[in-house]
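**Student:** The lines below spell out each chain.
2 protein chains.
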Amino acid sequence: MALLVQKYGGTSVGSVERIEHVASKVAAARERGHRIVVVVSAMSGETDRLLKLAKSIDPRPDPRELDQLLATGEQVTIALLAMALEKRGVPARSYLGFQVPIHTDRAYGKARITRIETRNLLADCEAGAVPVVAGFQGVDEDGNLTTLGRGGSDTTGVALAAALKADECQIYTDVDGVYTTDPRVEPRARRLDRITFEEMLELASLGSKVLQIRSVEFAGKYKVPLRVLSTFQEGPGTLITLEERDVEEPLISGIAFNRDEAQLTVAGVPDRPGIAAAILGPIGEANIEVDMIVQNVGADGTTDFTFTVHRNDYERAMEISRKVAEDLQAKAVRSALDIVKVSLVGVGMRSHAGIAAKMFKTLASEGINIRMISTSEIKISVVIEDKYLELAVRALHKAFGLAGGGGA
Amino acid sequence: MALLVQKYGGTSVGSVERIEHVASKVAAARERGHRIVVVVSAMSGETDRLLKLAKSIDPRPDPRELDQLLATGEQVTIALLAMALEKRGVPARSYLGFQVPIHTDRAYGKARITRIETRNLLADCEAGAVPVVAGFQGVDEDGNLTTLGRGGSDTTGVALAAALKADECQIYTDVDGVYTTDPRVEPRARRLDRITFEEMLELASLGSKVLQIRSVEFAGKYKVPLRVLSTFQEGPGTLITLEERDVEEPLISGIAFNRDEAQLTVAGVPDRPGIAAAILGPIGEANIEVDMIVQNVGADGTTDFTFTVHRNDYERAMEISRKVAEDLQAKAVRSALDIVKVSLVGVGMRSHAGIAAKMFKTLASEGINIRMISTSEIKISVVIEDKYLELAVRALHKAFGLAGGGGA
Numbered sequence: 015m016a017l018l019v020q021k022y023g024g025t026s027v028g029s030v031e032r033i034e035h036v037a038s039k040v041a042a043a044r045e046r047g048h049r050i051v052v053v054v055s056a057m058s059g060e061t062d063r064l065l066k067l068a069k070s071i072d073p074r075p076d077p078r079e080l081d082q083l084l085a086t087g088e089q090v091t092i093a094l095l096a097m098a099l100e101k102r103g104v105p106a107r108s109y110l111g112f113q114v115p116i117h118t119d120r121a122y123g124k125a126r127i128t129r130i131e132t133r134n135l136l137a138d139c140e141a142g143a144v145p146v147v148a149g150f151q152g153v154d155e156d157g158n159l160t161t162l163g164r165g166g167s168d169t170t171g172v173a174l175a176a177a178l179k180a181d182e183c184q185i186y187t188d189v190d191g192v193y194t195t196d197p198r199v200e201p202r203a204r205r206l207d208r209i210t211f212e213e214m215l216e217l218a219s220l221g222s223k224v225l226q227i228r229s230v231e232f233a234g235k236y237k238v239p240l241r242v243l244s245t246f247q248e249g250p251g252t253l254i255t256l257e258e259r260d261v262e263e264p265l266i267s268g269i270a271f272n273r274d275e276a277q278l279t280v281a282g283v284p285d286r287p288g289i290a291a292a293i294l295g296p297i298g299e300a301n302i303e304v305d306m307i308v309q310n311v312g313a314d315g316t317t318d319f320t321f322t323v324h325r326n327d328y329e330r331a332m333e334i335s336r337k338v339a340e341d342l343q344a345k346a347v348r349s350a351l352d353i354v355k356v357s358l359v360g361v362g363m364r365s366h367a368g369i370a371a372k373m374f375k376t377l378a379s380e381g382i383n384i385r386m387i388s389t390s391e392i393k394i395s396v397v398i399e400d401k402y403l404e405l406a407v408r409a410l411h412k413a414f415g416l417a418g419g420g421g422a
Numbered sequence: 015m016a017l018l019v020q021k022y023g024g025t026s027v028g029s030v031e032r033i034e035h036v037a038s039k040v041a042a043a044r045e046r047g048h049r050i051v052v053v054v055s056a057m058s059g060e061t062d063r064l065l066k067l068a069k070s071i072d073p074r075p076d077p078r079e080l081d082q083l084l085a086t087g088e089q090v091t092i093a094l095l096a097m098a099l100e101k102r103g104v105p106a107r108s109y110l111g112f113q114v115p116i117h118t119d120r121a122y123g124k125a126r127i128t129r130i131e132t133r134n135l136l137a138d139c140e141a142g143a144v145p146v147v148a149g150f151q152g153v154d155e156d157g158n159l160t161t162l163g164r165g166g167s168d169t170t171g172v173a174l175a176a177a178l179k180a181d182e183c184q185i186y187t188d189v190d191g192v193y194t195t196d197p198r199v200e201p202r203a204r205r206l207d208r209i210t211f212e213e214m215l216e217l218a219s220l221g222s223k224v225l226q227i228r229s230v231e232f233a234g235k236y237k238v239p240l241r242v243l244s245t246f247q248e249g250p251g252t253l254i255t256l257e258e259r260d261v262e263e264p265l266i267s268g269i270a271f272n273r274d275e276a277q278l279t280v281a282g283v284p285d286r287p288g289i290a291a292a293i294l295g296p297i298g299e300a301n302i303e304v305d306m307i308v309q310n311v312g313a314d315g316t317t318d319f320t321f322t323v324h325r326n327d328y329e330r331a332m333e334i335s336r337k338v339a340e341d342l343q344a345k346a347v348r349s350a351l352d353i354v355k356v357s358l359v360g361v362g363m364r365s366h367a368g369i370a371a372k373m374f375k376t377l378a379s380e381g382i383n384i385r386m387i388s389t390s391e392i393k394i395s396v397v398i399e400d401k402y403l404e405l406a407v408r409a410l411h412k413a414f415g416l417a418g419g420g421g422a
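These protein sequence lines are chains A and B, in that order. In the numbering used here, each residue's number is its place in the first sequence (first place is 1) plus 14. In the numbering used here, each residue's number is its place in the second sequence (first place is 1) plus 14.
You may find that some hints are simply not true.
Treat identical chains as interchangeable: a pair holds within one or across any two.
What the hints assert, rightly or not - Listed below are the simulated SDA-like cross-link pairs for lysine to any residue, each with C-alpha atoms no more than 25 angstroms apart in a straight line:
#  : residue 1 : residue 2
1  : K345      : R74
2  : K101      : D138
3  : K69       : S58
4  : K124      : L351
5  : K124      : R32
6  : K345      : A16
7  : K101      : N158
8  : K372      : K412
9  : K412      : Q309
10 : K66       : V30
11 : K66       : S29
12 : K401      : V354
13 : K101      : S70
Rather than coming from a laboratory, the hints here were simulated on the basis of the structure. Nothing here was measured: the structure is a model prediction, and the numbers come from that model.
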């Protein structure tokens, strides 16, 4: 008999019918002998509706009051789900953040959980009841309501699982697991049965938005086995685990990509210490986040410094770069918006040489030019022209044997 | 510099525009040097929307979960109003029931306030800030959310005013005060400047639904001066006060009426002790509330027993009466649905004989037959045929000089 934390997202509880469906799933899991603690998000669209109400009063509403407002979204869902469980003869009890309590700091809108009291929830489980906890929200030490930021319900689920020492934290969503790549780009993409936390972090940060990245970090830190499953179809989902992969298993777990970046190059900079700081300092001060950074030494005593930023920050980054280039007496500033970043992710590549070479060779054989390369222990990212995205993903997917036998 | 509790109802905060309007009113009152504590209801329609969601899951939802759900309505309003105040440069801070805290018993859906802690609210007032408190809700000693029942925000306002020893509790609504009678029936109806709590109780229970009756009782008990005003037009409203009326003032404060009653008569019952109990016992056991009760001794050793019930309970009351009549060997059961109750209310009538006689004479001179009479210290109610309602109200309004000189 396992203790499971099941988290259902906004789409999963988006209507009364779907809440009834979730209640049936929870009741069935309990029927199988498990002890269940449920975490739910607001019904899909509700948080946006509340946000719009607030912004119609003040474009920058008071952060405390905004959290007070947004916290109602999850409150509605927990009450409705508890009613639906009770109707099925399953004793249930809804919990707001302050009723658990889930203690947080006072960083309104992006609060961090500091402590969770488990006494009430465990007592319910002991008594055979199902606690239904509001995700996304907590309470600070003065009784102010706080929220954890977008996707914070995942974090609530993982934090509860850690505090309760649950056997598994199950994240129910509208996809049935983590895939080797985006099935819309490569139809032969395969659902992974298992993936490591590090791989998941790389895949998540690279654009496979299945889970909120903070919840994955949290699960890794507290060693909570995390499983991604579909609310709408049966199946084992993908288990995100701390365990090392068997040597027999594939070296590469997936291919991620990101179309939202822009590339900037400050070219022909005199090659002397402090160049990177001189360029990235003003960029950082403007609150622009930089993703990839590459510096090449040129032949004539100058160097080319290239980095990528989010496309939304492109205009401002160009402006700053032009000014810096002038100060540094650089030869030119070049930029590209028609790019895409493609990344190969897998803990397997740590111990296997030749992965990078194979990746570059695969792309070359398709006539795809690589504009930029960046590597870490478990991923290799390249920037290519965006028109080659599908071709690159499918070629790599095949080259690294990611497609399943039967396929998912 | 007065300490005022201002309560705004659902219609007053029914849209973002109206919330902005309320914020302006609060800001203006503060500008005039008053310390203000605001209580608000849910936006109009919101509580019904939530109730409908709950009932679509379970026609009889779990009471604890229903309160957990309904409490979100006021939570939305306090946050939005606090934002609107902050935008105007008025420091504001919203409070949920548990944050005040407003302690209640655990009677979900109809909880009673047991204790209010005023420390936080008074500290805000001291600091020049405006606390915005969620009406209708409280918290029991185990941290469960409770609600006070329909119209409970009035009760919250009065209870806060009592706890804070406020100078006045101002109930803002969509009418500009308490009138001598319904202006839709008698256009010359006049707004009363003052009215006593007892009169207000009689007027409220008789159908002038300006204030929730429990809040008036509460205000009377704790001697909180209560004022009814309009959110949408300026004016002094009506002050509901403990003070006795001057002898110079009119004897009668108003005329109330109620169209929702049905009249039942068990006729020709042998006149012996226990008849009233024999008839009303089974009615009470069926949870049917009885309003007026009249028993006349007949000439032939039998009596006629007449009472009124809400029209919704008419069918069931008839069924029970027929059965009882059979057991009692009564001659007949008669009933009437085409009736209306008209009541003259005023503390003045206590010390003045002749009011009843004048009332009956006025009705008689209009050819209106009285079917039933019931009196208390400060009211006289008659049941008449419903087609005479307008005629009766206007004739009495004129006979007792209720129309104002200038008129309101």
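**Student:** Next step is simple, just say for each hint if it's right about the structure.
**Tutor:** Status of the hints after comparison with the structure:
Proximity of K345 to R74 under the C-alpha cut-off of 25 angstroms is found in neither arrangement, the shortest distances being 42 angstroms within a copy and 75 angstroms between copies. With identical chains, the CA atoms of K101 and D138 are at most 25 angstroms apart within one copy only, with a shortest distance of 18 angstroms there and 43 angstroms across copies. Within a single copy, K69 and S58 get their C-alpha atoms as close as 19 angstroms, and across copies as close as 20 angstroms, so both meet the 25 angstroms cut-off. Neither within a single protomer nor between protomers do K124 and L351 lie at most 25 angstroms apart by alpha-carbon distance, with minima of 31 angstroms and 61 angstroms respectively.
Taking CA atoms no more than 25 angstroms apart as the test, K124 paired with R32 passes in neither setting, with 28 angstroms inside one copy and 30 angstroms between copies. In this assembly of identical chains, K345 and A16 lie within 25 angstroms of each other by CA distance neither inside one copy nor across copies; the values are 64 angstroms within and 71 angstroms between. In the homo-oligomer, the alpha carbons of K101 and N158 lie at most 25 angstroms apart only across protomers (20 angstroms), although the nearest pairing inside one protomer, at 33 angstroms, exceeds that limit. Proximity of K372 to K412 under the C-alpha cut-off of 25 angstroms is restricted to the intra-copy arrangement: shortest distance 12 angstroms within a copy versus 101 angstroms between copies.
Taking the closest pair of Cα atoms, K412 and Q309 never come within 25 angstroms of each other, the shortest separation being 31 angstroms inside a single copy and 95 angstroms across copies. Both within a single protomer and between protomers do K66 and V30 lie at most 25 angstroms apart by alpha-carbon distance, with minima of 23 angstroms and 11 angstroms respectively. Proximity of K66 and S29 under a CA criterion of 25 angstroms is satisfied in both settings, with 20 angstroms inside one chain copy and 13 angstroms between copies. For a Cα distance limit of 25 angstroms, the shortest separation of K401 from V354 inside one copy, 8 angstroms, qualifies, whereas the shortest one across copies, 80 angstroms, does not.
In this assembly of identical chains, K101 and S70 lie within 25 angstroms of each other by CA distance solely across copies; the values are 12 angstroms between and 38 angstroms within a copy.
Of the numbered hints stated above, those contradicted by the structure are hints 1, 4, 5, 6 and 9, listed in ascending order.
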